[in-house]
Amino acid sequence: MKKFSFVAVVLVLICSGVIVACTGCGGSKEDPNQVTMWHWMTDRDAVLQQLAQQYEQETGVKIKIELFAPSDSYSQRITASSQANTLPDIFGILDKKEIFADFIRYGFVANLTEEFAKDGGAWEKSMFPKALDVNRFKPDNIYGIEPGIYGVPIDVTNIQMLYNKKLLAKAGIKKAPTNFSEFLASIKALKRVGVSGLVSGWGEIWMADAFASNYAFNIMGEEKVMATYKGDVKYTDPDWIKVLNVFKTLSEAGAFMEGIVTKPNKEAEQDFALERAAFAYNGSWCVNVYHDMNPSLEYSAMLPPTINPKRPMKIWGGAGSSFVVKETSTRKDKAIAFLKWLSAEKQQALLAKETRNLPANRKALESIPEVLADFASVMDNTTHPTIWKYNELPAVTEAFDKGIQSIIIGEKTPKQVASEVQAVKERETEKAKRRQ
Amino acid sequence: MNEPTKRNLKYLGLHAFLLSVALTCLFPLFWMFRCSLMDNQTVFTDKGLIPSVINFGNYADAWTKGGFGVYFFNSILYTVSVVVGIVLVSSLAAFAFSRLKFWGRDAFYYMFVIAMMIPLPGSFVPLFVLMNKLGMANTRIGYILCMINVGLSLSIILLKTFFDKMPSDLEDAARIDGCSKWQIWWNVALPLARPAVAVIVIFNSLNVWNEYILAQLLLSDDKLMPLQRGLMAFAGKHSVDYSLLMAALTISAVPIILLYLAMQKHIIKGLSSGAVVG
Numbered sequence: 014m015k016k017f018s019f020v021a022v023v024l025v026l027i028c029s030g031v032i033v034a035c036t037g038c039g040g041s042k043e044d045p046n047q048v049t050m051w052h053w054m055t056d057r058d059a060v061l062q063q064l065a066q067q068y069e070q071e072t073g074v075k076i077k078i079e080l081f082a083p084s085d086s087y088s089q090r091i092t093a094s095s096q097a098n099t100l101p102d103i104f105g106i107l108d109k110k111e112i113f114a115d116f117i118r119y120g121f122v123a124n125l126t127e128e129f130a131k132d133g134g135a136w137e138k139s140m141f142p143k144a145l146d147v148n149r150f151k152p153d154n155i156y157g158i159e160p161g162i163y164g165v166p167i168d169v170t171n172i173q174m175l176y177n178k179k180l181l182a183k184a185g186i187k188k189a190p191t192n193f194s195e196f197l198a199s200i201k202a203l204k205r206v207g208v209s210g211l212v213s214g215w216g217e218i219w220m221a222d223a224f225a226s227n228y229a230f231n232i233m234g235e236e237k238v239m240a241t242y243k244g245d246v247k248y249t250d251p252d253w254i255k256v257l258n259v260f261k262t263l264s265e266a267g268a269f270m271e272g273i274v275t276k277p278n279k280e281a282e283q284d285f286a287l288e289r290a291a292f293a294y295n296g297s298w299c300v301n302v303y304h305d306m307n308p309s310l311e312y313s314a315m316l317p318p319t320i321n322p323k324r325p326m327k328i329w330g331g332a333g334s335s336f337v338v339k340e341t342s343t344r345k346d347k348a349i350a351f352l353k354w355l356s357a358e359k360q361q362a363l364l365a366k367e368t369r370n371l372p373a374n375r376k377a378l379e380s381i382p383e384v385l386a387d388f389a390s391v392m393d394n395t396t397h398p399t400i401w402k403y404n405e406l407p408a409v410t411e412a413f414d415k416g417i418q419s420i421i422i423g424e425k426t427p428k429q430v431a432s433e434v435q436a437v438k439e440r441e442t443e444k445a446k447r448r449q
Numbered sequence: 002m003n004e005p006t007k008r009n010l011k012y013l014g015l016h017a018f019l020l021s022v023a024l025t026c027l028f029p030l031f032w033m034f035r036c037s038l039m040d041n042q043t044v045f046t047d048k049g050l051i052p053s054v055i056n057f058g059n060y061a062d063a064w065t066k067g068g069f070g071v072y073f074f075n076s077i078l079y080t081v082s083v084v085v086g087i088v089l090v091s092s093l094a095a096f097a098f099s100r101l102k103f104w105g106r107d108a109f110y111y112m113f114v115i116a117m118m119i120p121l122p123g124s125f126v127p128l129f130v131l132m133n134k135l136g137m138a139n140t141r142i143g144y145i146l147c148m149i150n151v152g153l154s155l156s157i158i159l160l161k162t163f164f165d166k167m168p169s170d171l172e173d174a175a176r177i178d179g180c181s182k183w184q185i186w187w188n189v190a191l192p193l194a195r196p197a198v199a200v201i202v203i204f205n206s207l208n209v210w211n212e213y214i215l216a217q218l219l220l221s222d223d224k225l226m227p228l229q230r231g232l233m234a235f236a237g238k239h240s241v242d243y244s245l246l247m248a249a250l251t252i253s254a255v256p257i258i259l260l261y262l263a264m265q266k267h268i269i270k271g272l273s274s275g276a277v278v279g
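These protein sequence lines are chains H and S, in that order.
Once you know that position 290 of the first sequence is 303 in this note's numbering, the rest is easy, because the numbers rise by one and skip nothing.
Once you know that position 214 of the second sequence is 215 in this note's numbering, the rest is easy, because the numbers rise by one and skip nothing.
Incorrect hints may have been included.
Pair ranges (Cβ atoms, derived) [said to hold, decoys possible]:
1. S:122 x H:219: 18 to 26 angstroms
2. S:119 x H:267: 46 to 54 angstroms
3. H:63 x S:193: 53 to 61 angstroms
4. S:265 x H:67: 47 to 55 angstroms
5. H:448 x S:14: 53 to 61 angstroms
6. S:46 x H:267: 23 to 31 angstroms
7. S:14 x H:313: 56 to 64 angstroms
8. H:267 x S:3: 58 to 66 angstroms
9. H:439 x S:106: 57 to 65 angstroms
10. S:120 x H:84: 14 to 22 angstroms
Think of the hints as simulated: they come from the structure by calculation, not from any bench.
All C-beta atoms in this analysis are idealised placements derived from N, C-alpha and C, irrespective of residue type, glycine included.
Next comes chain H alone, as it looks inside the complex (with noise of 0.2 angstroms):
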């Protein structure tokens, strides 16, 4: 019986062995005429394959497509490949823009700025700038980069709120509201139906963020924003307190959905989907998400309702996911060969149908689902804390948020949070200040 244990366990050990040998060994060789590409989302894996069968039935050229989600492990293998010299001919840095600059710096990423002017500018001309924005270096750039485009979006996004058709006309309501105040008109028409009003994330602080950084541009502009992350203006200046109480009136009105400040956005697209909620907002990524959840939802996208009818309102947007190629790729003209072709319109449109993402190619508009063009057609409003000439410190922008929890839980009134943020902010500078 021992001896047959024994021997067991060898034949175990032999087999493993020969097919461990048999078929995983076999090292890769670089092949000239082959482009590897790195990606990391699941949803669209099956059309960049699609498209790079068809590459290279029209030029020749294979294009191998690697997926590695999530997104977080992708980050992690990115890092390591470029520590290891492995880094494939295209891929994505989904980390800060800081970590891109550092990318550039070391010589992992090829400038564009050339290719993209070429034929005057016919490239950059067919993109939405503020899906370019994201991937482009501004002269005098904080990180010392040398100016210029390094990266290809394939697509874009922006977060902006929705609103249930169905719901809205159950309430009488035969227009999605403009301004704050039909905004406040529309949630008591919905009350008195006994329909909830707003739905969003904000479990998830960033989502609660975007909708105050929303007001702040459309109440003080971006001027006086980005003046008050510089530390010129303070928390406590009138505007913010406007901001502040955007919270403060449509908690007291009712326009929130119970729980709302610890709803993370997967329960929020529910509960838009199922019909729970007849405003949400949330990114353009979720046509998908209420595909899946319901296909025949009725809704629409708009704009956050105004408060200062001379400003527009401004909404976090930009690049979704882009591409960079490897600075020191042999294969490099190839790598930008496809990338220009992977971001021409027919193809930007077979993505977006595909995938129901917006298109980071403007000409592409024309052939998405209505919805989708909703959200495309603003895009000329979106702005994101990664193009701003400054950022606001993270401890700052905790206290902000955390206050706004406050203020919708009634725990706090818009002039307390303000003070206490500004104390945060002057502490966070004297802080800065001596780190220096």
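Dock chain S against the given chain H, drawing on the hints supplied.
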């Protein structure tokens, strides 16, 4: 209150508590199975414990869409190879640390203990660079060796604790019977440590079966990926196909549940006889 009533009440309380613990553990599995039989819309709307419409087709869809055939084979291969490797290497090492005297024994042992403190993500970059330098990145053997390394520390500690308790008379008797050190390890120490080995097998099987992050880092070729990769097919960045994901999760959970049931007797014995002490 008389004695039998007191005893019955005590048992009733104890059983109620154990039942609630069992329910807490089993309910997520039941919910996973329940959702695997629904479609993506009814997952959110059907509130009943038993779905109003049952759809077993999700399993076939999950298997084909997730490409489970090759991933399943890979996961079985990785699990068997890694667990066999860990049991062999850790039992030899633990035996040496426990029963043999050699220079630097304690220092080497503490090195393994310290290695346990390093979280896996902390070693990602060095591991990836090392595997690339050795030409073992994107190979099955590279991944298997890394996973054996990951499981060694805990297994050595568990087995050493067990071997430490082995009476030295047994070893002496085997030596008088003419056994070499190898034979004592194989014929005496290892059979006695069967409960501890069972614990190591189940712990490491679970670990390898559910591992994905290291596989994702070291392997590029889709054909080499483990089962967890198949699950990713149903979870996009923003949208999730819940019904297929739950069917896929059920498929991936079945082998490990069967393994646990098969080894349950040994695991309980191993745990209760102090296999996890220290």
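Hints, one by one, checked against the model:
A hinted range of 18 to 26 angstroms for the beta carbons of residue 122 of chain S and residue 219 of chain H is consistent with their spacing of about 23 angstroms. With their beta carbons about 52 angstroms apart, residue 119 of chain S and residue 267 of chain H fall inside the hinted range of 46 to 54 angstroms. The hint said 53 to 61 angstroms for the Cβ distance between residue 63 of chain H and residue 193 of chain S, and at roughly 59 angstroms that hint holds. Taken as a hint, the range 47 to 55 angstroms holds for the pair residue 265 of chain S and residue 67 of chain H, whose Cβ atoms sit roughly 53 angstroms apart.
Under the hint 53 to 61 angstroms, the C-beta atoms of residue 448 of chain H and residue 14 of chain S, about 59 angstroms apart, fit the expected range. A C-beta distance of roughly 26 angstroms is found between residue 46 of chain S and residue 267 of chain H, which places it inside the suggested range of 23 to 31 angstroms. Here the CB-CB span from residue 14 of chain S to residue 313 of chain H is close to 58 angstroms, well matched to the stated 56 to 64 angstroms. Evaluation of the 58 to 66 angstroms hint for residue 267 of chain H and residue 3 of chain S yields a pass: the beta carbon distance comes to about 60 angstroms.
In this structure, residue 439 of chain H and residue 106 of chain S meet the distance hint of 57 to 65 angstroms, their C-beta atoms being roughly 59 angstroms apart. The hinted range of 14 to 22 angstroms is satisfied by residue 120 of chain S and residue 84 of chain H, whose Cβ atoms lie roughly 20 angstroms apart.
Checked against the numbered hints above, the structure breaks none of them.
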